[in-house]
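Chains A and B are the protein sequences, given in the same order. In case it helps, this note's numbering puts the first sequence at residues 6 to 1033. In case it helps, this note's numbering puts the second sequence at residues 532 to 918.
Derived from the structure by calculation, the hints contain no laboratory data. Check before you lean on any hint, since a few could be wrong.
If we take Cβ atoms under 8 Å as the criterion, some of the chain B residues that face chain A in the derived model are [as the list claims (entries may be wrong)]: (1) K596; (2) E726; (3) I903; (4) I912; (5) Q913.
Heads up, simulated DSBU-like pairs for lysine-lysine below, C-alpha to C-alpha not over 30 Å straight-line [to be verified]: (6) A:K443 with B:K855; (7) B:K806 with B:K851; (8) A:K175 with B:K596; (9) B:K596 with A:K921; (10) A:K790 with B:K855; (11) B:K709 with B:K806; (12) A:K133 with A:K428; (13) A:K917 with A:K998; (14) B:K709 with A:K917; (15) B:K596 with A:K917; (16) B:K593 with A:K960; (17) A:K960 with A:K978; (18) A:K949 with B:K596; (19) A:K960 with B:K709; (20) A:K978 with B:K593; (21) B:K587 with A:K416; (22) A:K113 with A:K133; (23) B:K791 with A:K996; (24) B:K791 with A:K443; (25) B:K593 with A:K790.
Computed footprint of chain B on chain A; a stretch qualifies when at least three of its residues, placed anywhere within it, have a C-beta under 8 Å from a C-beta of chain B [as the list claims (entries may be wrong)]: (26) 187 to 198; (27) 260 to 274; (28) 829 to 839.
All figures in this text were calculated on a predicted structure; none of them were measured in a lab. Note that the Cβ used here is the ideal one computed from N, Cα and C, for glycine as well.
The primary structure of each chain is shown beneath.
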Amino acid sequence: MSDFVHLNVHSHYSAGWGMGTVENLCRCAKAQGMERLALTDTNGLYGLIYFIEAAKETGLLPIVGSEIVADGHRAVLLVRNQDGYVNLCRIISARQCHQDFDLIKALKEWREGLIVFSDDVTLLKALKKDSAEDLFVEMSPGYNMASSYAFSRQSGIPPLATNRVYLLGKDQFPLHRVLRAVALNTKLSRLTYDDACREHNVLNTPQAMIDQFPHAPGAILNTMKAAQRCRADWDFNRIVFPCFERMSNQEAYDTLYRATLEGCRGRYGELTREVLDRVEHEMKIIREKNFAHYFLVVADITSKAKRSCGRGSAAASIVSYALGITHVDPIKHHLFFERFLNPGRPDPPDIDVDFAWDEREQILDYVFARYGTRRAAMVANHNTYGARSAIREVAKVFGLTDAEIGRVTGKIGYGWRLKHIWKELANHPRMRGVEFTKPWGEILHAAVQLENHLNHLSVHCGGVVIVPDEIRRYCPVEISASGLQVLQWEKDAVEDAGLVKIDILGNRSLAVIRDALALVEINYGTKIDYANWDPTDDPETVRIFYDGNTFGVFYFESPATRQVLKKVSSGFGFKEYRTLDHFHINVVVTSIIRPASNQSIREWVTRLHGAPWEPPHPFLRPVLEETQGVMVFQEQLSRAAMAMAGFDAAEADTLRKVVSKKHREKKLRDFYARFVKGASERGVRKDIVEEVWAMILGFEGYSFCKPHSASYTLVAYKSAFLRAHYPAEFMASVISNGGGYYSTFGYLSEARRMGLRILPPDINKSEIKYTGKGKEIRVGLMQLKELSQDGLEFLIHERSKHGPFTGLDNFLFRTREHVHLQDVRVLIKAGCFDGIAHGTTRPAILWQALRFFDTPASHASLDLFQSPLPPPFEKGEPGGISPSPYPRSLMLKHEFETLGFLLSIHPLNRYKDILKRLNHLLAKDLHKHVGKHVTMVGWMVTGKTVHTREGDPMKFVSFEDTTGLYEAVFFPKIYDRFCHMLSEMRPYLLKGKVEEDFTAVTLTVHWIGFLAARSLRVYTPTLFLSGT
Amino acid sequence: MNRNILHIHIPAFPIAVARVSRPELRGRPVAVAPVHSERALVLSVSFEARREGVFKGMPLAKALKFCPGLAVLPHDPELTQKAVQVLSGVAARYTPLWEPSHPGHVYLDVTGTERLWGRAKDTADRVRLDIKEHLSLAGTVGVASNKMVSSIASRVMRSEGVLDVDPGRESSFLAPLKVDVLPGVGPVRRRALLEELNITLVRQIALLDLGSLSLIFGRYAYVIHQRAFGIDPTPVYPPRAEPVVAEEMTLPGDENDDAKLLGTLYGLVEQCSRKLRQRDLYPRRAGLHFRYADQEEVILPILLARPSVWEFDLYAPLEKLFLKACRRRVRVRFMKVWFRDFAPPPAQFSLLAFSSPDEAKKNRVITALDRIREKYGAEGIQYGRTI
């Protein structure tokens, strides 16, 4: 047994100070024969959950605490009991949230249940007045130990020995200094003595500590005493649900039951046996797991927005369907409730809800208004140093320039781990041409140790935790840069601590549907009720999916998805397709597209078209039946593990989580062993076990569960319905909401291909957003990026209040307070005034505006008989020239400058002369030349870089010419050769081979060049330079 | 009386200078830019590169995308400065009134030199050939009655040669040219406005009345109006020489360790103060100039509290200045120290000149050091901190 406990220990969660991870600290303490260890990170409990987990694993008793540093005072607080924990959370929260935080005052208020030690004489004296119990004078070698000891003897407060641990070993000290320099934004030679810790602040052996206190054995003894008084039986095995309107559990359950039945009546009309059984079944589990409050809270939040889309597994529940949290009928689409709530699963699932992206903030505001910062807080992200940021920060301390750093970090791939590669980095093929001269050795050595250390806290995009009483009882909170209250824990820790979170996420497609529906209502007076709207059987809507015409349709618009849709439909006639369960097929389509899933897609499509298939093992037939033997959904993974290796529900679910999360090699190895054992016990052949395990590992990275995909697919059907029936309104809304996969230019081209006319912006006809009606889309004034927000809003406001503008002077007078000359210039260049110019040329209008803004406002007044604006050039005016209209090229240039793309012509039209002489194939004829080598012309619309299994980058690019869109592939070798040339700002000449995979045609590029790089050089760049 | 002003213009001067010693750069696209940062802006562009769409002020990374074969030269201000001096030397042979306005551009006022050199146009050609022959630099020379027109004349020439604008014909010379040839029509703001008014040629500006012009140019309307007619009264300003004592050093390796940087600084101050003592100059002002590895420069002047020739007086303010000015973490590559604005040396040593015996002692040490160095060379004896 050891005679000393380290009670002042910092891990890397003391950002910018600590060096050890919680795992390393625990391991090291255990190796030195200690039984207990404290973790006292500065002003936070960031690593609490992981520390307790690690301590349990290594067999240590964890002591929880924190060092509070504020305004010149410091003290270390250790938790004795639950009250102490609550008080510690409150003190830390106050320290983080209030600028006028006073440590002494806070301790006087919240000292119950805490052990306090410090070398701060003022603080100790003040606290001693209240009570001397659980109060110690901290004695640390190297920090005025003698005077601390003298104070202890004089005041009678017992001493306590610590080593203020920041390092695991002395060898970490140089790195600690680097970390300090990073944190202080300075260089090593400017660090002062007190800017860093001391070299000996390591996790010493007990004996080494005892040797340093021959004069004060009591200080050593007191560490043991204090440690024994601290709480060590930490267990977060509880679930903290929010509480709905202070109801009791029974009340909440009854309320939920009633609401569900009422909702079902609204959804299904008559309540059939099937529905009632399902409700009964779900409610039973909900009651068992006490989930009623949670449902009610989420339903309350979703009811605040007209449109929402429950995502994740919650879509498998009829209760959430009835309450309007989700909109997919779980009975119709065969979604199993157990995927969401399972009696065998100990941890609670969370409900994630999407809202229109521009309404999300309001929803969060509502949550905080309703539950207050007392009960609600956002979940945090722990931003840790990755390979790139670790190298960058360290290299900056060593004084390297951004360019020198960028040369290395730019070549580091996504997800690279320095731990594995740093020694070989200099010889890595990607680093060819980079010289790793002198400081780089040191930099890499430091960076590799910094990797995965906490850098800073940020706010999780949508996670909210709501508790029944006070959030500061559970976890310390901080105030984020955007003013939101945020927990100190990230997603996983929150979950492990048993706090239930609700994810409130932004979704552009819901805003698209909202805007399109609003336009439909304005244009035709047709009202569509979003919640009960089911377009899954509408033939035109189905046709969109059948044809792969899903450009702009959320979730299905990427080139890859459109290709798969075409592959699927190639096996069926449209009539036959309609009789199939196309909704289910499309759910599979969205889920099957994952990195490196080409092979499974092929298999699935062939089997869908009728090819026979066998599951790897008969055990798996029921699991893989619905997806033709291909593993597509997350839950198939868990179910496969259950069916084949006898996992129980909880185990299988953990396996699913471990697989989809990265860097859990050790746990995965354990699961593998368990899987092999379980399967062989059931008599499954070794090679089949391996095959299925490989299928399971295919889910690494990201994957979807069926209810989630179904929920999104339904949104996609709604989008497709709008695209089919109200194309102008739909495309206008897509563009207004920033689109998704493609640029505005890409969507406008698609709109033209759909037979729509694009009208230029107009001062009287354009709204802020894009608008559409019938066969026309009107560009919204939002597209004029240089227009001031104030000016834009005012002119729309003025127009709606007092009617359309009748002429330029009318416009100028009515808006002069808010619209400035710069705005008017943008509007003129974009041609907004052409409609009311009455034949005046654009330069002449500009003269008029210049004169207007030159006249002091007091002189300018609207006189009925005399216009104060003299026409710019009267006949006979000396030196008068009447401004001629802009030449065509200047009009196009202005169009490009103000809108960001060419609107009146396709940019390729400017190359007509060259194209005439060039023998090339048109996009609409591509499918007729399968297997041939062709030359194409194209404007890049979008591109996606992916990595092959070997890690080489390659790219899928969508090009368009004036006749259509086509997909092109740049395989690694070609990509490597030409990638620097790809941009969305100029036309290309492509040579390659046309290839077909089930009717989906792609161009495998062999060569790419700039179109007419030579003959057009003189005027090509001038038009696009200013915009690029 | 009509003036005769020549304007020598060597296009893309730093590149032209580099090509003198590196013939392999001739005829291919070249640009000058700080090579240590991809975000750096291109400082100078050769004709061939401009044809590929590379322009001055463009980010280097973009320039390289436009023109992958672009040869990028590092910015070398020392070499350019040297070339400017040589070029000025040629100009000085023809007239005492010459003005090196910026690198690669020199104005010569040759009014009244007809009897010595012949007509201005002939002088121009002679100057051009002189430069071509002695410096191997190809350029154009504009001849006119004022600086602005001669400068424009030298720029409108596509290939090397001389262009003269006869007196009285300035206005018609300018009329068909693009508006941005006029100084004061900035490339961004005003030109954009003119373009929006569909005014592209100088002729159109000349036609506007002052009232309309002031809508565009504000209080500069009158000047622009004059310029559009080819009127420019500014004289040729000859450069003024000012004595400076300076020392500079490019560090053997980039460095961000303060101890080493201050050592270098001390060495530079030591060398300067030795020179000051030799020439008996008492500086009132000093300055520090250093350049980081990414080419960012810091230049800071300082007023000295007391003119002195002793390093122990001069070093302290510069050390303070350096620690204050060198805020970035980036390593430093180049350092320069200068002293100027010299006070007359004290006529005789005041009895109170050495305020303390300590100072007198230091002076003796330094004088001794100077003697050792005279005998055994500058590296004969050194302070530990400068090594």
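>> Output the indices of the hints that this structure fails to meet, ascending.
In response: 3, 4, 5, 8, 10, 11, 12, 19, 23 and 27
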